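Engineer: Using the sequences provided together with the hints, build the complete structure.
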Amino acid sequence: MGQIDDTLSPDTVIPPADPNVLVEAINVHKWFGTSKVLDGVYLSVRRGETVVIIGPSGSGKTTFVRCLNHLEAIQRGVVRVNGQFIGYRERNGRMVPDRPRNIALQRRDVGMVFQRFNLFAHMTALENIIEAPVHVRGVARTEAEATARALLARVGLSGRENAYPVQLSGGQQQRVAIARALAMRPTVMLFDEPTSALDPEMVGEVLAVIRELAKDGMTMVIVTHEMEFARDVADRVVVMDKGVIVESGTPQHVFVESQHPRLRAFLAKTRLHVAE
Amino acid sequence: MSFDWPFFWHYLLEPSSLYVNGLVLTVALSVVSQLIGTALGLAAALARISRFRAVQAAARFYIWVMRGTPLLVQIVFIYTGLAAANLVRFHDVDVGLFVIAGNVQAGILALSLNEGAYMAEIIRAGIASVDHGQGEAASSLGMTQTLLMRRIILPQAIRLIIPPLGNQFNIMLKNSTLVSIIGVPELLLVTETINSATFRTFELYTVVGLYFLTLTTLWGFAQRWIEIRYSAPSRDGTDTTVSGSRRFTFRNLLNAATR
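Chains as they are written, first to last, in this note's numbering: chain A, 83 to 358; chain B, -10 to 248.
The hints are simulated quantities; they were obtained by calculation from the structure and are not laboratory data. All of these numbers come straight from a predicted model, not from anything done at the bench. Relax, there's no trap hidden among the hints.
For each label pair, taking beta carbons as the anchor points, the in silico distance ranges come out as:
1. A/Ser251 - B/Thr58: 49 to 59 Å
2. A/Ala279 - B/Trp214: 30 to 40 Å
3. B/Thr203 - A/Ala232: 54 to 64 Å
4. B/His121 - A/Glu310: 26 to 36 Å
Covered stretches of chain B (chain A as the covering partner; in silico rule of three or more C-beta atoms under 8 Å from a C-beta of chain A):
5. 112 to 125
6. 130 to 140
7. 216 to 223
Cβ atoms here follow ideal geometry from the backbone N, Cα and C, with glycine treated the same way.
Structural biologist: If you want it as structure tokens, here you go:
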């Protein structure tokens, strides 16, 4: 991670931060070795907006969402969350890797939900949720526990406080993972294919929780393969292909009106023309 | 062959205070060296995965040297070698209740340094065994590397570290006899001392062998108990250890001790 320091290249123009924009990606480039995964991605997410990213596998959407909290380093461009550059800081007109401590500070405000849940296996559901509030934010344990119980109720898991991850189904684990991320009171939530590792009958319960969050006005960036869900929940659908955003707009625009050939080909393959 | 049974029973069951002191010293040397060695091993394991290249290289060099040279050579080098070169001399240290002799300090240092190199590899493997995704999740929650290592990775790694750690301590108990070469009066040196006065070699070495067998067997019981304490949660609510069964029964203890 992070020996690249030339992210402020001449072709990246960084506009001043807009207070209504919470997450901003400007000309984000990323290579894995010699293969280019992100080829200049631009995205702005406004406060309270739900942006859903779709696209064929290998299009770079997972990588992109991981760049938004610097789980992946980027090689050109910038990511800005809450008006702060993520993972890098400006020094003498160049972007240099930020100190690990600062990166950790920035991540407190960005919630992330992973495809494979990634719950802490040695902790109960409740312990998973209070871990970061207590040890990162310094919240009192009793207060954190009260919040955690409320969050578990919110994701429909009251009574499972003392269950270990192995004792929970995939859908339940993912809902605990969502509660864990929410416990940090993030300003934005990132979802990296939150239902891709779930059995079909468990997809619904997880999507329902995310729908509720959207209704409550949480700012979210969601990578998913669930087209119907994307249509229902998104304020804006973003289509990625080959490391760039090829189309972006309302669900109606993306799923019905757009005639972008790569998008149409992708949608044809997913067999879910949401049009009907 | 003549086996002097009364002599054998006498030394086995009514050990002289010299012998008891030797036993205490053997156990103390082993426990202290294992503790220091484990701490060194943890430090070296973390150094191996440090983001600083120089730190990585230093840890790799340490492990390479300590695993690549005989423990006996290390013991003599640290105590006699360094003194002969006028570099380091180990003086007796009075800690109030008792005096720690110079050669005991050197012995502990050598055993610890050697142990640290082996523990480093064991701890590194334990750390590597913990699912990478949990570290990412912890990072995404704003945990620093130190915090996520302490709260997420190590508590899970310890389950995989404990069985080989127990094995290392078993080896440590036996390897501690090597410090007899620099005159530390532990069990083997005491045995040799008594032997030079009585020439009952067969009986005396049978006795010392039985003493070590008792120590390692007792440790086997303790190890089993520790493994159960650090068992992982499982699907049906019971706990499982790395080696499978979780119940602290006589049979399991016996299996642990004779494994």
